[in-house]
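All chains, please: the whole structure from these sequences, using the hints.
Protein chains in written order, with the numbering used here: chain A, 7 to 434; chain B, 8 to 285.
Treat the hints with care, as some may be off.
As the list claims (entries may be wrong) - Some but not every residue of chain A turned toward chain B, in silico, with C-beta under 10 Å:
no., residue
1, ILE89
2, GLU190
3, TYR393
4, PRO403
To be verified - Taking CB as the label site, the calculated pair distances span:
no., chain 1, residue 1, chain 2, residue 2, range
5, A, GLY97, B, TRP272, 55 to 61 Å
6, B, GLY146, A, THR250, 16 to 22 Å
7, A, GLU74, B, LEU30, 35 to 41 Å
8, A, GLU263, B, ALA107, 22 to 28 Å
9, A, ASP271, B, GLY146, 26 to 32 Å
10, B, LEU30, A, GLY228, 27 to 33 Å
11, A, THR250, B, GLY203, 50 to 56 Å
12, A, ARG308, B, GLY146, 33 to 39 Å
13, A, THR250, B, ARG136, 15 to 21 Å
14, B, ALA107, A, GLY411, 31 to 37 Å
15, A, SER342, B, ARG136, 36 to 42 Å
Treat the hints as calculated values from the structure; they're not laboratory data. Even glycine gets a Cβ: it sits at the ideal position worked out from N, Cα and C.
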Amino acid sequence: MSLGTLRATRLVRALVLLTFAGCAGSPSERGPVTLVFKYARILGNADPLPSLLREFEAQHPGVRVKGEALPWASDDQHQFYVINLEGRSPGFDVMMLDCIWVPEFARAGWLLDLTPHLQPAELAPFFPSAVAAATYDHRIWALPWNMNVGLLYYRTDLLAKHGLAPPETYEALVEQVRLIRARERDPALDGYLWQGKQYEGLVVNVLEALWANGARLITDDGDAFPEPARAADALRFLRGLITTGVSPAWTTAADEELSRRAFGDGHAIFLRNWPYARDLFEAEGSAVRGKVAFTTLPGRARGEPGAGSTGGAHLGVSRRSRHPALAVALARHLTSERAQRAIALGAALSPTRQALYHDEELVRRNPAMPRLHALSLAGRPRPVTPYYLLVSATVQPEFSAALVGVKVPERAIEDTRVRLGHFLGALR
Amino acid sequence: MLLLAPTAVALGALTVYPAAWVLWLSLQHRVPIFGVSRFAGLDNFAFLTIDARFWSAAHTTAVFTVASVALEVVLGVAAALAINAQRRGRAVALSFLLLAWAMPAVVAAKLFEWLYHPVAGLINVALGRHALNWLGDPGIALAAVTLADVWRTMPFVAILCYARLLAIPADLYEAAQVDGAGRLATLTRITLPLLGRILLLAVLFRTLDALRAFDIMFVLTGGGPANTTETLTVYAYRALFQTLQLGFGSALSVVVFVLVMGVAWAYLRILRTGSVAA
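This is the structure:
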């Protein structure tokens, strides 16, 4: 754009503004500002968000905030963002992001770099793994909003009845399953439920098994399976859980809800799932109410201690927002301690601010909060890379093939390395 | 000529332009969000020839197409004959058929998700101790998905055939009866040959749909386990919309397009030669 057209544009814009200001009869130079906030209605019946948005409006006179719903499924949300952000005008300012998208969107240049807007210690109260997931190229691109971590749920009644303490290793878990099932003689009682369907959840479950065995999926340099033998052993172990009957055959079709329901109906001893399941187990009418506790995911006997995979939602600001300062303020408002407490109370989503896990009101509502804090703190993020979706889409069928026995683990790992090498190579 | 112009422009804008654009994309390495955009020649297609996932998807698509269309034809004709033989309640039977057919694929898939539920599903409860891992066993997942699709699309074949059956003049059957033809002879000598042409049309439509099958497997299995239910369109969707590899995904789409066009062309040739009596 030449200087001349720039001036002309400015002149036109000024004229338009003047006209509108005249119409409204307002002396203010800034017209009413509308911020658009895109989020998924994950917050259930007592959605605390509308009142949080009204609160922000009250603090910022002349600003209107419109909350707009995203599609329900995570895949569709991603697709929605890609289509709208790749185009010229996104039509929204603040957006809720699955934490695995943040580096991708940052690399694509769609997110506002929040680093200059942040105070030096502003992120200290958050979980380090959540901040790590929002960091790309040493800069911060989103604010952590809610937290998720993989947990091991167990039946306190069954373990107590047989004099067992929650297992610290997978080997111990397998032993306990054998023991309890042999003594209970209940054919409908399954051992250990987890998510083995070919989807993102499978990647999370396999990652946790890899970590427990001292293996990684991908290095920071993009090399897949730097410890191939340990990775193969982890996959073989998972397959073994199914072939030996410790986990039911349908584990290979199980997602979070399928496994959560079976455990919630009282049909299993152990379950790997996210914190949301606890509220459902403790709900009135639940078959396992008062009989469930959670602990850290097991490690391996000769490996590392277990750690759950972390996840959750972040709030990012569109780089094309016309009101970046206000948009950052809105993201900050929604991730503030007050807002996160309201969300934790109203919608039972776990906060990303650590202090809230010891908040009196929240602990009264959910006595397991301090415990959840320790486990979230020990959790590890999935690989933080702009290519995460490509990595995930590539490994899903390979992990599934190893799990159902179509491929031996070594073959699945080798095939993954070849494919990832090809696709990542084309991106560099 | 001038009068054709609007049609030509509309067709060009709506079909030729996008098709040419996809073809052009398929010759590139293009991942817009990472700023990758360079000419690749036939690289994407060369990779497809050695891509095990592509061949697995092609195989799955072929098996799914043949199995689902064959089952739909057999069950569809049987259903049409059964309704035609019925004296009462034809309207009720037809509306049940239409109900299944009118159901959106995603809704049908959700329905079958519950039917196939490993613990609480109607099918496994009925099977009792012989319960199967419908969607998690690589040996039967494709069959499970195919059955769900057949349930939803068989009515299409049935309704087309039923319409044709109504149009067969009764005196043909009377003549056959006078000539002493039995029920089997009537079926194979009169009814089925007369159904031939409409069946071929139904098979054409169903084959083209089956080659592009997407929603039922996407919802039920996401392509798993071990990619045993991943069709070419599901693979193309993952490349285009999930990993945003526009060039590679377009190459996959071009393959599906060529496949569909080839099949359509072959069917149309058969239809035109009139080798099937109408």
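For each hint, the structure was consulted:
{"no.": "1", "hint": "ILE89", "in the structure": "holds, 9 Å"}
{"no.": "2", "hint": "GLU190", "in the structure": "violated, 18 Å"}
{"no.": "3", "hint": "TYR393", "in the structure": "holds, 8 Å"}
{"no.": "4", "hint": "PRO403", "in the structure": "holds, 4 Å"}
{"no.": "5", "hint": "A:GLY97 with B:TRP272: 55 to 61 Å", "in the structure": "violated, 43 Å"}
{"no.": "6", "hint": "B:GLY146 with A:THR250: 16 to 22 Å", "in the structure": "holds, 20 Å"}
{"no.": "7", "hint": "A:GLU74 with B:LEU30: 35 to 41 Å", "in the structure": "holds, 36 Å"}
{"no.": "8", "hint": "A:GLU263 with B:ALA107: 22 to 28 Å", "in the structure": "holds, 26 Å"}
{"no.": "9", "hint": "A:ASP271 with B:GLY146: 26 to 32 Å", "in the structure": "holds, 27 Å"}
{"no.": "10", "hint": "B:LEU30 with A:GLY228: 27 to 33 Å", "in the structure": "holds, 31 Å"}
{"no.": "11", "hint": "A:THR250 with B:GLY203: 50 to 56 Å", "in the structure": "holds, 55 Å"}
{"no.": "12", "hint": "A:ARG308 with B:GLY146: 33 to 39 Å", "in the structure": "holds, 35 Å"}
{"no.": "13", "hint": "A:THR250 with B:ARG136: 15 to 21 Å", "in the structure": "holds, 20 Å"}
{"no.": "14", "hint": "B:ALA107 with A:GLY411: 31 to 37 Å", "in the structure": "holds, 35 Å"}
{"no.": "15", "hint": "A:SER342 with B:ARG136: 36 to 42 Å", "in the structure": "violated, 56 Å"}
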